[in-house]
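Participant: Those protein sequences? They're chains U and W, same order as listed.
Take the first sequence: its position 28, counted from the start at 1, is 28 in my numbering, and no numbers get skipped.
Take the second sequence: its position 16, counted from the start at 1, is 133 in my numbering, and no numbers get skipped.
Hints may contain errors.
As the list claims (entries may be wrong) - In silico PhoX-like links for lysine-lysine, alpha-carbon gap of 25 Å or less:
hint, chain 1, residue 1, chain 2, residue 2
1, U, K67, W, K347
2, U, K94, W, K410
3, U, K89, W, K317
4, W, K175, W, K121
5, W, K175, U, K113
6, W, K205, W, K413
7, U, K110, U, K75
8, W, K347, W, K364
9, W, K255, W, K410
10, W, K191, W, K144
11, U, K75, W, K364
12, U, K4, U, K110
13, W, K317, W, K347
14, U, K94, W, K364
15, U, K46, U, K110
16, U, K110, W, K347
17, U, K4, W, K347
18, U, K94, W, K317
19, W, K196, W, K121
20, U, K113, U, K94
21, U, K67, U, K89
22, W, K121, W, K144
23, W, K255, W, K413
24, W, K317, W, K144
25, W, K347, U, K46
26, W, K255, U, K75
27, W, K196, U, K67
28, U, K101, U, K89
29, U, K4, U, K46
30, W, K196, W, K175
31, U, K113, W, K293
In short, the hints are calculated from the structure, not lab data.
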Amino acid sequence: MTQKILIVDDDKEIRSYLSELLSDNGYETVTAVDGAEAVAIAQQEKPDLITLDLEMPNEWGPRFYRKISQDDALKRTPVVVISGLSGIKYAIPKAIASLTKPFEPAQLLKIVKDAIG
Amino acid sequence: MFRKILLATSGAPSTFGAARVAFDMAKRYGAEVIVFNVMGVPTKAFSQEVNDVRTGEKVEVDDEYRAWVEEELKNTFAKQIECVEFSKMVLTTGVPHREILRAAREEDVDLIVMGASSGESSAYRMGYTGSTLQRVAKAARCPVLTVHRETASYWGGFGNIVFATDFSKQADHAFKFALASARELECDLTLLHALDISGKVLDQNSIEDELIAARQRLRDMYVPLMGDFKNFDIEVWEGVPYVEIVKMARERSADLIVMAHHSRELDPEKARIGSTMEQVLMRAGCPVVSVSKPDKV
Chain U
1 MTQKILIVDD
11 DKEIRSYLSE
21 LLSDNGYETV
31 TAVDGAEAVA
41 IAQQEKPDLI
51 TLDLEMPNEW
61 GPRFYRKISQ
71 DDALKRTPVV
81 VISGLSGIKY
91 AIPKAIASLT
101 KPFEPAQLLK
111 IVKDAIG
Chain W
118 MFRKILLATS
128 GAPSTFGAAR
138 VAFDMAKRYG
148 AEVIVFNVMG
158 VPTKAFSQEV
168 NDVRTGEKVE
178 VDDEYRAWVE
188 EELKNTFAKQ
198 IECVEFSKMV
208 LTTGVPHREI
218 LRAAREEDVD
228 LIVMGASSGE
238 SSAYRMGYTG
248 STLQRVAKAA
258 RCPVLTVHRE
268 TASYWGGFGN
278 IVFATDFSKQ
288 ADHAFKFALA
298 SARELECDLT
308 LLHALDISGK
318 VLDQNSIEDE
328 LIAARQRLRD
338 MYVPLMGDFK
348 NFDIEVWEGV
358 PYVEIVKMAR
368 ERSADLIVMA
378 HHSRELDPEK
388 ARIGSTMEQV
398 LMRAGCPVVS
408 VSKPDKV
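Using the sequences provided together with the hints, build the complete structure.
Facilitator: In structure tokens, the structure reads:
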């Protein structure tokens with residue numbers, strides 16, 4: 001079964017880059033432009049993993065994370081933080097990894113593969 | 118998962134909790150319960166006299182005494198014995214821990230169930246585990262389940278298992294048991310590492326760095342072994358380990374805590390039950406099972 005990854009980022013370029021990178025490697029992707037939209041999409045799509053930007057218009061990453069961690073169906077979904085902010089590893093301490101932009105695609109793919117296969 | 122359960126009991130009220138768990142489990146798994154009682158500790162070599170384990174009085178072990186103890190035990194656990202398909206009673210004399218271990222080995226049991234201490238033997242409630250448990254836990258080849266007090270949660274309707282690890286080799290065996298139980302019972306499994314920061318003065322970043330590193334270590338160590346089992350959470354709480362483990366069990370309304378004992382000291386002669394384990398046993402609101410050896414998991 002194809003694993004589904006939700007990409008949450010306000011930057012269109014990053015969304016399409018990640019989407020391409022992950023689908024080239026056999027993952028199905030869905031995208032959201034900010035935390036508010038991402039909650040609705042996550043609930044509907046039940047992704048196997050989420051890549052999450054921190055700084056976004058409307059709803060930021062940490063607030064999105066707090067919302068999904070209260071949702072029984074989503075609370076165990078692994079989250080990879082991908083952000084340009086510094087000190088990001090403290091933003092969502094339970095994230096399985098935190099990557100700073102620009103990141104190595106191979107590194108992300110390894111993290112994703114280790115987490116969901 | 119469990120075919121034979123050895124319930125080691127003195128027949129005192131402090132073992133009633135353990136008895137309930139043992140019989141509940143047996144009912145659930147169709148397991149056999151061996152109610153095992155050490156009547157007394159011999160006073161002299163080749164003597165017929167023993168010190169009764171409950172009263173401490175000197176008594177002569179004859180058929181009459183044996184029949185009386187058996188009758189007492191049967192009355193105490195009458196209702197529970199009726200509930201399970203197979204149960205038998207074994208009475209013996211000797212040094213309790215040695216006899217329990219001997220019986221466990223001879224009967225090839227999958228689990229030993231016992232109380233953590235003989236309870237309120239003095240003016241205050243005992244704050245440490247009994248010496249029998251200490252010795253049985255150390256040497257038993259099978260998991261040892263202890264129930265210190267009567268609590269609301271019992272094996273039978275399991276929702277959450279907390280597996281507490283210190284990343285030791287013994288904890289690997291405990292993990293196997295925790296995972297197998299969670300699979301069998303189709304319940305949630307919380308993997309917990311309690312980060313010991315007692316006596317240290319750390320700034321917030323160092324604490325968070327250590328928490329992140331410990332979460333990563335838990336993930337690396339145990340997640341690849343999970344296979345298709347998905348109902349697990351990874352948690353690292355900082356503080357005094359036993360407090361955090363008991364707190365987590367309460368927070369999750371856990372029905373079982375799984376831990377390894379004697380993990381710090383590798384030399385079995387020197388090993389004493391871990392102080393964290395001991396405190397968890399005495400304080401947890403649910404049964405605690407300790408696993409250290411790979412034989413029966």
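Participant: Of the hints given before, which are not true for this structure?
Facilitator: 2, 4, 5, 13, 24, 26, 27, 30
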